[in-house]
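**Q** Read off the chains here:
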Amino acid sequence: MIDVNVSIGTWPFRNLPCADMDVLLPKLGHHGIESVWLGNLEGLFHKDIAGVNARLADQCAMVNGVEALAFGSVNLTLPNWEEDVRRCDEIHGMRGIRLHPNYHGYTLDDPKFKVLLQNAAERNLIVQLAVTMEDERMMHPLMRVEHVDTTPLVEVLAGIPNARVMLLNAFRAIRGKAIDALVDTGQVDYDIAWLEGTSGIESIRKQIPVEHLLLGTHSPLFYYESSLLKLSESPLSDTELEAITTNNARALLA
Amino acid sequence: MEIWDGHCHISGYSGTPAERVEQMVALADLMGVARLCIFMGSTFQQDPTPEQLRKANDEILDALKAWSSRAFGFVYLNPKHLDISLAELERCVRKGPMVAIKLWVAQHCDTPEVDAIVERAITLDAPIFQHTWRKVSGNLPGESTAVELARLAARHPKATFICGHTGGDWEQGIRAIAPYGNVYADLGGGDPTAGFAEMAVRELGEDRILFGSDIPGRSYGSQLAKVYGARISDTAKAKIFTTNLKGILTPALARKGVAL
Ligand SMILES: [Zn+2]
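So the sequence lines, in the order shown, correspond to chains A and B.
According to the numbering used here, the first sequence holds residues 1 to 254 in order.
According to the numbering used here, the second sequence holds residues 1 to 260 in order.
Be aware that one or more of the hints could be misleading.
Under the rule of at most 30 Å between Cα atoms (straight-line distance), these lysine-lysine pairs were calculated in the DSSO-like manner [unchecked claim]: (1) Lys237/B / Lys27/A; (2) Lys246/B / Lys256/B; (3) Lys237/B / Lys80/B; (4) Lys246/B / Lys65/B; (5) Lys246/B / Lys95/B; (6) Lys135/B / Lys177/A.
So, partial list: chain B residues that the calculated Cβ filter (under 7 Å) puts toward chain A [claimed, not checked]: (7) Tyr13; (8) Leu27; (9) Ser137; (10) Pro192; (11) Pro216; (12) Gly221.
FYI, nobody ran anything at the bench for these hints, they're computed from the structure.
Ideal placement from N, C-alpha and C gives every residue a C-beta, glycine not left out.
Can you make the complete structure from the sequences, with help from the hints?
**A** This is the structure we're talking about:
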């Protein structure tokens with residue numbers, strides 16, 4: 001299985017055991033996870049994001065037994081952000097990048113976002129975008145962050161037919177018709193970390209084709225087991241299960 | 001590990017109350033959950049009128065007729081309609097099959113009207129499940145916090161309280177209820193945020209924590225993960241999943257001749 005939504009690093013408001021590679025790796029082994037797509041939580045907060053990405057790449061390179069794919073952070077409000085994209089690709093050999101527009105302070109109708117998607121598509125980098133990190137009711141009073149408004153994404157993607165975006169933690173903020181509009185683009189994928197409600201996968205696949213759903217856990221902020229248990233909460237064929245847990249992610253890497 | 005779910009709703013399904021619980025039981029079987037505590041009706045009313053209260057409780061009574069083997073009922077009350085609420089308590093708990101009380105967001109729980117409900121609950125051995133949430137984004141007008149529940153619990157040391165959602169903002173909720181041994185923490189209904197069960201065990205002890213899911217609004221996966229995924233002992237997990245809830249419901253069940 002491949003988990004596309006994992007981070008390491010420090011979270012300012014809580015001690016998170018699985019943020020530590022030494023705790024995370026045995027957990028992955030225990031649950032039969034063969035590959036993780038890892039971001040660095042420091043990428044949300046640090047301005048020296050090149051340093052954050054370099055440390056992430058180093059840490060991933062040292063991992064044994066599990067494939068740890070580093071997903072570097074890019075902050076479009078920083079000067080010379082294009083260099084971070086270049087380094088993620090050319091220096092670190094990363095397969096993708098992870099965006100946090102709400103923590104970095106831009107919206108998806110920012111022209112730079114479109115430039116980034118074009119750049120990433122040319123480089124064959126997977127683009128992950130975290131819509132939510134925390135329930136808006138539970139945030140630190142000095143750190144209240146809106147969910148990412150994905151409305152402009154539909155139009156942006158229409159202008160770049162070969163671009164694709166994976167939304168992480170999408171389903172607290174994006175529901176109903178907003179999902180339909182994104183699904184219609186055919187260019188958006190979703191992880192199940194924030195999928196709630198009983199038999200959530202069974203419900204959401206009426207709206208989102210299974211080939212666009214991926215296993216993601218939002219570890220270390222969420223208990224690792226949450227998304228894994230969701231897999232057994234919905235009746236899925238072996239093919240569907242393999243698509244969500246492995247094959248959809250593999251296809252994006254190909 | 002046997003699992004009792006202390007926090008379930010029959011909203012969000014279709015059909016009669018019994019048919020709704022049938023769907024819940026099918027999922028419970030799939031996820032290894034033995035018993036379900038159900039409360040409030042097929043539609044949620046934040047500030048229910050007397051008619052709405054009776055209807056909600058009638059629906060739970062209907063469901064219990066078919067599913068008493070798997071489900072326990074909590075009577076839904078509104079402190080703003082005190083006489084009706086006490087009558088509902090009489091009808092559904094003293095004379096009926098229900099075993100506990102549910103209070104939601106109609107009125108803050110530290111107001112004097114709630115005292116009358118608590119005093120009656122003590123005579124029935126009925127625990128009181130009070131929804132609590134402290135939202136940085138702003139509470140509903142009548143929505144209680146764990147601090148308010150702690151105040152109520154301090155006034156009624158003989159009553160048993162369940163702090164619904166452990167205050168939502170559980171890092172504050174756990175602190176608020178910690179001094180009051182008659183308040184239990186409900187793990188249900190929030191995100192599966194890592195560290196919740198560990199902090200609860202550390203600060204409250206493993207005997208004061210209850211598994212609840214808040215299905216169907218929440219996923220069994222996300223809710224069970226708070227216990228399965230926690231770095232706590234298997235003994236603590238077993239207590240949270242079954243023993244603690246069984247313990248606080250046993251006196252009310254014994255009054256009805258139900259042996260566990
Ligand atoms: Zn509830």
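**Q** Now look at each hint and say whether the structure bears it out.
**A** Hint check results:
Our distance criterion of 30 Å between C-alpha atoms is met by Lys237/B and Lys27/A, whose separation comes to about 18 Å. Simply put, Lys246/B and Lys256/B have alpha-carbon atoms about 15 Å apart, close enough for the 30 Å limit, and the pair holds. Taking the CA atoms of Lys237/B and Lys80/B, the gap is near 38 Å; set against the 30 Å cutoff, the hint is violated. Using a Cα cut-off of 30 Å, the hinted pair Lys246/B and Lys65/B holds, with the two alpha carbons roughly 21 Å apart.
Taken as a hint, the Lys246/B and Lys95/B pair is honoured in the structure, with Cα atoms around 21 Å apart against an allowance of 30 Å. A C-alpha spacing of about 27 Å is found between Lys135/B and Lys177/A, which places the hinted pair at or below 30 Å, so the restraint holds. Look at Tyr13/B: its Cβ only gets to about 9 Å from chain A, farther than 7 Å, so that hint breaks. For Leu27/B, the interface hint holds, the least distance from its beta-carbon to any beta-carbon of chain A being 6 Å, beneath 7 Å.
With its C-beta approaching chain A no nearer than about 5 Å, Ser137/B sits inside the 7 Å limit, and its interface hint holds. Taking 7 Å as the C-beta cut-off, the interface hint given for Pro192/B holds, the closest approach to chain A being about 4 Å. Because the smallest distance between the Cβ of Pro216/B and any Cβ of chain A comes to about 4 Å, under 7 Å, the interface hint for this residue holds. Nearest Cβ of chain A to the Cβ of Gly221/B: about 3 Å, under the 7 Å cut. The hint holds.
This entry does not satisfy hints 3 and 7, going by the numbered hints stated previously.
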